[in-house]
Structures are given as C-alpha cells and as structure tokens.
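Engineer: Residue numbers (this note's numbering), protein chains in the order written: chain A, -11 to 433; chain B, -11 to 433.
Hints are computed from structural coordinates only; laboratory data are not their basis. Hints should not be assumed to be uniformly reliable.
Identical copies look the same in the list; a pair holds intra-copy or inter-copy alike.
[What the hints assert, rightly or not] Lysine to any residue pairs mimicking SDA-like chemistry, simulated, CA-CA at most 25 Å apart:
hint, residue 1, residue 2
1, K234, S97
2, K135, E423
3, K344, L397
4, K234, A33
5, K234, W409
6, K365, L397
7, K365, L401
Please read all numbers here as calculations on a predicted model, not as lab measurements.
2 protein chains.
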Amino acid sequence: MNAVPAEIKPEEATATATAARPRVVIVGGGFAGVAAARALRRADADVVLIDRRNHHIFQPLLYQVATAVLSPAEIAAPLRQLEAEQQNLRVLLAEVTGVSLADRTIEASLPRGGVRTVAFDYLVVATGMRPNYFGHDEFAPHAPALKTLGDAESIRAKILSAFEAAATVEDVAERARLMTFVLVGAGPTGVELAASLAQLARVTLRGNFRQIDPSRTRIVLIDAVDRVLPTFAEPLARGVASRLFKLGVEVRTGVKVEAVDEQGVVAGGVRIPSATVIWTAGVAASPLPKLLGGETDRAGRALVDPFLRVVGQPGVFVVGDAATVKQADGRPVPGVAQPAIQEGHYVGGLIANELKGEEARRPFRYFDRGNMAVVGKNYAILERGGVRMSGVLTWFVWAAIHILALPQLQNRLRVQRQWLWSYFTGQRASRLIPETPPASAAERS
Amino acid sequence: MNAVPAEIKPEEATATATAARPRVVIVGGGFAGVAAARALRRADADVVLIDRRNHHIFQPLLYQVATAVLSPAEIAAPLRQLEAEQQNLRVLLAEVTGVSLADRTIEASLPRGGVRTVAFDYLVVATGMRPNYFGHDEFAPHAPALKTLGDAESIRAKILSAFEAAATVEDVAERARLMTFVLVGAGPTGVELAASLAQLARVTLRGNFRQIDPSRTRIVLIDAVDRVLPTFAEPLARGVASRLFKLGVEVRTGVKVEAVDEQGVVAGGVRIPSATVIWTAGVAASPLPKLLGGETDRAGRALVDPFLRVVGQPGVFVVGDAATVKQADGRPVPGVAQPAIQEGHYVGGLIANELKGEEARRPFRYFDRGNMAVVGKNYAILERGGVRMSGVLTWFVWAAIHILALPQLQNRLRVQRQWLWSYFTGQRASRLIPETPPASAAERS
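All chains, please: the whole structure from these sequences, using the hints.
Structural biologist: Written out as structure tokens, the structure reads:
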C-alpha cells in the first residue's frame, strides 16, 4: 500500500479557489458540520466537507454501542452519501493538520499518506471535542474515553471480556476486581452508561454464567462535583440519583479521582480495585481552533463573535463543541447536539446569504428545545425552561425524540426495533468480542 | 491487565472429571459444535463448549458483512447465551492448544493469559477450517481471506478505503489499480462476493463520488479450475457465469495465480494491478485434528469412521469441516453448513445414547437438502438431487431459507428488514471505515 506516491499532485479543482464559484470548506462531519453543509445546499458555492472518518455518528447513543444494545452501523450514516444528495458538495476523507490564514488554505493528510492543500473562501471549523484527563494523560491507557465508534467497540469488548475473565478465576479478590466497573464523570454520558451497564449485568447476562453471578456486578460512578448531572435542576438530579441507587449503582459525588492504574482507581483516598475504568469526565477542544489566530478558552474552544466568526479573520467560523458560545443570559450553550445543529445551520445560512450579497443576519441565538437524560429502562428526565418532567412517560418521550433524530430513516427503523426487542426481552443484540479485543491488543504492545 | 496470575488454579469442577456425571468437551462453536451441544441438552452429562470467540457466526452470509450489506451483530449470536438456555452446558472462552489422549485432557489458553486443563470423557472436535494459500503464505498479507467477523470488517474497510483513495489520486493508472478488485477462488464465496461487490460499486455508490465513477470499477474473479462453482451441475454454473458477465464481473477460470504482491496479482502470466485482492480459494483444517492420533487427509482433516469417531480413540469424535466424511456414493460431503449441522447433531445424539447405555446408532448418513448459491439481486441457483432451479424465484427461496436459518429470531427480523431495504433502495447500511482500518494497521506493523 506504500505504492501511492507521497506527493500527490493536488487536482486543480481542490487546490485553488480560482474557479468562479467561491469555496466553503467545512472541517468535521458531526452535527454542526453536517448542518452547515445542508444549509448551503442551494448556495452558489463549492462546498467541501472534510472528516477523517467516513461516517457521521449520532453521538447521544454512543453509550448504547458500548453496552451492546446497538450496533455501530445503527447510529452511523456514511458521509459519502451526502455527495449523492447534495449537488454542490464534495466529501474528502482526510485529517486537517494545518491552516494558513494568509494563503487561505488548509492542509489535510490523506489516510494512505500524502498531503492535500485545499484553498477556501469560507472556512467552517466544526471539529468537536476530545477527551480531557485534566493534566493526567497517564490515566488514558487505563481509563478509555467514549468519543468514537472505535472507542465504543473497544469498551464493549473490554466490558464483556471482564465478565468472561471473572468466570475463569478462582481468586475471590481478583474476581471482584474483574466484576467492578468504575465510571469517572457523572454527566449525561456517565449516568446513562452506568444505568445501561447495570441492566446488562443484572438482566441481559442473567443465567449466562454458571461460575459467577453477574447480578453481583459492582458499578461505581464518581464525580468531583457534588451531584450527578450538574447541568440539570437539582430535583431532577436527585430523582436520577435515587433511580441509580435502585439499579444498584454506587454514586460517589464530591470525590476526586487521584489515580488510575491497571489495578483500579484511587478516589478520595480510597482504592477501588477495578479491571474496567471508563472516562466520561472531561472534554477539550481538538487542536484546530487554536490555529485560527483568535482567542480560545481554557478547554481550547474558540471564543467567537455573536455571528460565530473568529474575530479578525473574515470568513472563518467555528461552530459546535469547538466554539464557546454564550446564550442570551450569558451562560454558555451546553455541549450537546441541539446547539451544534443550530450553530451549523446558522453559519451555513449566513454564508449562503453573504454569497447572495445580502446583509449579515441577526446574531446567533440558541433556542433551547430542552435537555434530556435517560436512566435505564422506564426512567428519563426532561428540562425545558421552567418545565421539568421525569419518569416512565418521559422515557417514552426520550425514546421517540431520539429515534426521530437519527440521521437516516433506515436507522430510525432499526433502532426502534432494537429497543422494542430489548425492552421486552432484556436481550442485547451486539454482544461481540472481536478475536483480538482492541483494548488488550493495545495493552500488549 | 497483567495482574491475572499466569498460573490460574483450575477449578475442581473444570479440571477433573471426578464428578459423577461424565463430561463432554466440545471444541468449536460453529454449526457442528453448537448442533452437538444442543443434541446433548437432555443428556445426563456436563457439557463444556470451548471457543476462542464469544459468538457463533452464520458463515454463509459473512460476505455480506464484507460488502457492507449487513452488520457483524446481524449474523452473530453470543455463545454465552447458550448457558442460560441449556442447564447442563458451560461455555469457556479459550483457545485449545493441546490434547493429551493418555490423560484424556485438553489444554486451553485463556484470553488474558494462563492455561486451563480440562478433562473429558467424550471429546468432540469441531474446529472448522482456516484459509489455505497452497504453500504460498507470502500471499496472505496482500490477499486476506474471509473466515471471521474480523476478516469481514477488515475487508469492508479495505474495499471502502480503496474507493476513497481512488477519489484523491490524479494518476490514471493508480486510480485504475485502486478501482480494481481481484477475487481468487470462484466457489460460492468468491461468486457471491463478486456479485455483491458489483452491486455495491454500480448501485449503492452511484453518485457518491464526484471525482470518480464507481460504476467503472473492475472486478476480476480468478480460479485455477476451468469453471465457476465446480460443486454445482454445469448448466447451473454456465447460468451463473453469464449472470456475472451481465453484472460486469470478469471471470477468468482455468487460470492459475502465480503471484500476489502489494501491486496486484499475476495470473496466467498476466499482471492485474489491484489494490484489493481477496482470497476465497482454499481451506485447510485447523491444527487440532492432527493432534488426535488418527489419520488426516492432505488438507489436515481427520479421517473418521462411519460413526465420526477417530479410529483407535474411543470417545473422540471429529465433526464439520474438521473431518472428511464420505457420502453413501463415496463422494465427500461438501464443506457447507448443512452437513456440519447434521454431523454435530448425530454425534451429540450418539453420545447421549451411549450415556443412557443404549447401543450405538446406525452410522452417520448425510441427507442432502440441496445446495444453493446467490448471484446479486434476483438470481440464485439451487440443486437438489436431480432438481435444478435458477433465476428470480430461486432467489426468493434462497432469501427465505437463509433468513429462517439464522440463529436467533431477532437476527431473522433484522436481516429480513435489511434485505428488503437494500432490495428497494440499493442502499447499504454498514458503510463504516474504522478510524484506523485493521488492514492498514496490520500493514504498518
């Protein structure tokens, strides 16, 4: 495969913006990037969407891949398909490694080697977040984060392998360590993962092991903040905590993680022996926003103006989790799907307007459609403005909204069927351990 | 993860067969092994099913995972679940590395390290086949075979990545090489894969690339034998060859592959530049049958007596692709699912009878339920005794039989839905390239 020449002659069309039509380069095929691309559908421009993955993923359900409820393809849609659906769009599978604001070009590494230079008239950066170990990168090998489909598959293999290993050891302490799962971070991902893991252990795996009792699995949810779900109103969070208690999840809030190693976790001075630690605690922006010349916050997110532009860089926008955007009341918009979609849509529309010679629109304003979290089967919470709901009805609303929000009709049908099946049987369809689990392969090397 | 002690004290229950109940150890969780386990459901014995994977796969549809029609989980069922369904069964995730016929024990390596010794009263070897490069193992890195779910996912990534790479190169010859797929072996897997790949390129990817025309993909199917599907009657094979021609597959039969390297294939003295070569040509037995003391054939399969026993080794059986079994007319039974299931079922029943003190049954006799192959959409062939069918009706029969044969009700529903969707839209749900494709990761190391 090294036959591809290292220096690939860039095609005229991608290398220079000499064509009559202006070029909009969008970096990142997540919620914000795809929304921006779609909003430019009718614009008189060449739109180039760059991502290092060939698929868009529906991030809010990633934890269900990690717990074997859903298959990777069920929450993914091929970005390539957008090229068939949108005449003025091209998709480039590459990783953006540099920006030259003087030349108005970006540099992208191709998966098989070689670098492509792409000129832009407008640049939309939608590169999202990556895990943040708060200065403790040494935790990373022992506490994988959940950001990509690959992460979800590794974590799934790690969880299922831990049960398999527990069934083969005699030593009581080692068996207990293998059956202890520690989740660091009690935000939505940590909470949803903990509940889903509890149901995997206590319902799905029931009777599956004659040597161990999976219902005795220990699940510990840790956060330095003093309660679960700090972005939700306190009464809702209290309901969630009591629901987690019923599911047998140990919630340890207000406790700092001091160490993570291959034997487990030390938190608040106490060692918790565990073979499986999952990190959902912190996120930081990808490196790209820092290269745009504007200011960034501590997490590396770009500080943008009310039009989501980088100050002093005309035609350069940052959207989604890569930007820090304020709401009308001064609070930052949350790092979830809705704001990302709205920001992408806004910037795409703004560029389309400019290309038509129209005046800049009103500044971006986040419309809060509400915030939800789910805790296992039959319990979810919803907060929207002053409205707060929780319980089984909210769970059905949660399920309906998430099915409708999936990026392809086929995925909606597949996920709906999967959930119905799981709901009534307790079974999970995707209990696959690859022959060489990614996690242990990494450990070996 | 190196905390697990290298020497794991084997549990009493697994290590010795001192318990009153005799122990049946089944190695391999494919069609034959699972059928043997099921047939022992009501036997007064401890059944231990050992496999290095935690899932049973429905091998006949593996090529559809490689061509992005189906997701891995849709053709897999967790073996672990059998433990909940069958009271006298235990599942052990391990790789069998040795047999002591004198001690009547097997040795199994656990995935996290450590070796487990398992005693048996009866041993059923159902370890199946692995790829065979006919003495040219140097082809293997450039021409992966399709035996496991991991293989199918790597091949899927390789195929999709080849199109992505083709869209980024300028050089016409290199682009053609990237858009050329060579399949070595024109048996059922090669034929079905070729047709499915042709439809991926010409229907699913239509309009997905503005820089290349995927319908101009070249697919070459090579075999040293002088026609496709040698196990089928000639008129049926001729029909398949003409169908492949219509789908734009170049069939080169009677041509030997002389070399495979990273630039492509040399076959019959002609070099075919190709970035993606897939090997479906030959199979050999796994190493285990050779360790059983009996005779093996050239492919390493055990020669068994008419009761599928290893001669001179009482209580040791070989079933499925690991054995070579003769039909009434002296021809070997084909290496497909039906004989494997029948052999496993037969041996399980035979052991159950022996345990009840009953006489040995009649010798194994293969009941031929027919042989099928599918060529893309709307065309399949069926041969059963003197009956031969081909065409669109046979295609519907093929689809119905394969859906009903899937190992879990849920998988039947999922695959049926997937196929209906694909049938009417031409879309494929599982077009995922992992961030680091397994194939290129292997090449790098």
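Engineer: Look at each hint and say if it fits the structure.
Structural biologist: Taking the hints in turn, this is what the structure says about them:
no., hint, result
1, K234 x S97, "neither (49 Å within a copy, 39 Å between copies)"
2, K135 x E423, "both (23 Å within a copy, 12 Å between copies)"
3, K344 x L397, "neither (33 Å within a copy, 55 Å between copies)"
4, K234 x A33, "neither (55 Å within a copy, 39 Å between copies)"
5, K234 x W409, "within (23 Å within a copy, 41 Å between copies)"
6, K365 x L397, "both (24 Å within a copy, 22 Å between copies)"
7, K365 x L401, "both (19 Å within a copy, 23 Å between copies)"
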